[in-house]
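Using the sequences plus the hints, can you model the full thing?
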Amino acid sequence: MRILLPILLLVAAGCAEPPKAVPVAPEMVAVIPAADGHIGTVVVRTGGATQVLHGAYAAQRVASDGHATQASLTAEDIRRDFGGTLAALPGRPATFTLYFLEGRDELTPESRQEMEKVLAELKRRPAPDIVVIGHTDTVGTLAYNDKLSLARAERLREMMIELGIPAERIKATGRGKRELLIPTEDNISEARNRRVEISVR
Amino acid sequence: MRTSWILASALALAAPSLALADDVGQIKVAKGAVQIERGGQRLPAAVGTPVQASDVLVTGADGSAGITFSDNSLVSVGPNSVFAIDKYRFDTTTYAGEFEGSLRKGKLAAVSGKMVRQTPESMRIRTPSSVMAVRGTEFVVQVDEPPAAPLAN
Numbered sequence: 000m001r002i003l004l005p006i007l008l009l010v011a012a013g014c015a016e017p018p019k020a021v022p023v024a025p026e027m028v029a030v031i032p033a034a035d036g037h038i039g040t041v042v043v044r045t046g047g048a049t050q051v052l053h054g055a056y057a058a059q060r061v062a063s064d065g066h067a068t069q070a071s072l073t074a075e076d077i078r079r080d081f082g083g084t085l086a087a088l089p090g091r092p093a094t095f096t097l098y099f100l101e102g103r104d105e106l107t108p109e110s111r112q113e114m115e116k117v118l119a120e121l122k123r124r125p126a127p128d129i130v131v132i133g134h135t136d137t138v139g140t141l142a143y144n145d146k147l148s149l150a151r152a153e154r155l156r157e158m159m160i161e162l163g164i165p166a167e168r169i170k171a172t173g174r175g176k177r178e179l180l181i182p183t184e185d186n187i188s189e190a191r192n193r194r195v196e197i198s199v200r
Numbered sequence: 000m001r002t003s004w005i006l007a008s009a010l011a012l013a014a015p016s017l018a019l020a021d022d023v024g025q026i027k028v029a030k031g032a033v034q035i036e037r038g039g040q041r042l043p044a045a046v047g048t049p050v051q052a053s054d055v056l057v058t059g060a061d062g063s064a065g066i067t068f069s070d071n072s073l074v075s076v077g078p079n080s081v082f083a084i085d086k087y088r089f090d091t092t093t094y095a096g097e098f099e100g101s102l103r104k105g106k107l108a109a110v111s112g113k114m115v116r117q118t119p120e121s122m123r124i125r126t127p128s129s130v131m132a133v134r135g136t137e138f139v140v141q142v143d144e145p146p147a148a149p150l151a152n
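Protein sequence lines correspond, in order, to chains A and B.
Heads up: the first sequence begins at 0 in numbering that gives the first Met the number 0, then just goes up one per residue.
Heads up: the second sequence begins at 0 in numbering that gives the first Met the number 0, then just goes up one per residue.
Incorrect hints may have been included.
To be verified - Derived lysine-lysine pairs resembling DSBU-like cross-links, with alpha carbons at most 30 Å apart:
(1) K146(A) x K170(A)
(2) K170(A) x K122(A)
(3) K170(A) x K30(B)
(4) K146(A) x K86(B)
(5) K30(B) x K122(A)
(6) K170(A) x K86(B)
(7) K116(A) x K30(B)
(8) K86(B) x K30(B)
What the hints assert, rightly or not - Quick list of the computed label-pair ranges, beta carbon to beta carbon:
(9) A142(A) x P127(B): 43 to 51 Å
(10) N79(B) x R44(A): 23 to 31 Å
(11) E97(B) x T140(A): 39 to 47 Å
(12) N79(B) x D76(A): 14 to 22 Å
(13) T49(A) x A52(B): 22 to 30 Å
(14) I187(A) x P145(B): 53 to 61 Å
(15) E75(A) x Q51(B): 36 to 44 Å
Everything labelled a hint here was simulated from the structure, so no lab data went into it.
We put the CB at the ideal spot given by N, CA and C, even for glycine.
So, in structure tokens, the structure goes:
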């Protein structure tokens, strides 16, 4: 009996699908449809194998013997097994875009109205925090616009603090000329690109 | 100036809703028993509690929780779950970053954020047997308890 056991293990090791000596935790991953209809892709590496899960409910399971298989689930499977988990996802961040009057420290009348919507959104969320993201047009260097966009965001942050929003809940960041609303060549003055985005989350 | 910053940091520790420079996200949803393991300590995780890289989120049998990260990645866990934030960095100017988390057990749902839009697969979720590189956007993961080993050693 003492001698038999090592022999049995050797035989097992020679099989095409060697069972794991110790069972692993069974697991599952599934791509689910995004709220905006975006088709998702997750690349799963298990052991030496790679599976690309693409599209709604594409899934992979790993059994307790370590064997991975591709699976296709249904909306009902996901609701049953992940309903509570999905319900705990935080609310999607809400985004608002504001513009300053040309060359001035003051918001356009439309943007002042938009600010009202920001305040309303803040009231809807538990423990909200705000990211103010400054953007520029393409006039000037990358470094110059990084600095300018941050300065613009900081100015708006200060305006929001004056409106009574706690300072520690607002972060100012600058994207420079990396994310143009209206695509242009370099060194083009474009008012619609000189904007500040407010993300409430 | 320096002193006042240190004072502000000390106050921030007392009030979990205040943000620290090291914060990578915030608990936005917490139901039932939810705790954060940080530096060997277990802290209660309420709505508004900031999370940091290397935090481990732990939920009880009635627990679930949701985190919004700096790059707008959203992650939630269900009951009896353990989720570790192994690595998180995000540059708010370039949107370059790296997010590595591990679901050790339980259930997770996630929505990828700005980091993945900028650099696909910059978000990776590990389980005991697999690594998931995320190209976008929504997915769920489940890790069950392993069945008992047939032979105890």
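Status of the hints after comparison with the structure:
| no. | hint | verdict |
| --- | --- | --- |
| 1 | K146(A) x K170(A) | 15 Å, holds |
| 2 | K170(A) x K122(A) | 18 Å, holds |
| 3 | K170(A) x K30(B) | 27 Å, holds |
| 4 | K146(A) x K86(B) | 28 Å, holds |
| 5 | K30(B) x K122(A) | 20 Å, holds |
| 6 | K170(A) x K86(B) | 21 Å, holds |
| 7 | K116(A) x K30(B) | 28 Å, holds |
| 8 | K86(B) x K30(B) | 25 Å, holds |
| 9 | A142(A) x P127(B): 43 to 51 Å | 45 Å, holds |
| 10 | N79(B) x R44(A): 23 to 31 Å | 26 Å, holds |
| 11 | E97(B) x T140(A): 39 to 47 Å | 27 Å, violated |
| 12 | N79(B) x D76(A): 14 to 22 Å | 19 Å, holds |
| 13 | T49(A) x A52(B): 22 to 30 Å | 27 Å, holds |
| 14 | I187(A) x P145(B): 53 to 61 Å | 60 Å, holds |
| 15 | E75(A) x Q51(B): 36 to 44 Å | 37 Å, holds |
The structure fails to meet hint 11 from the earlier list, while all remaining hints are met.
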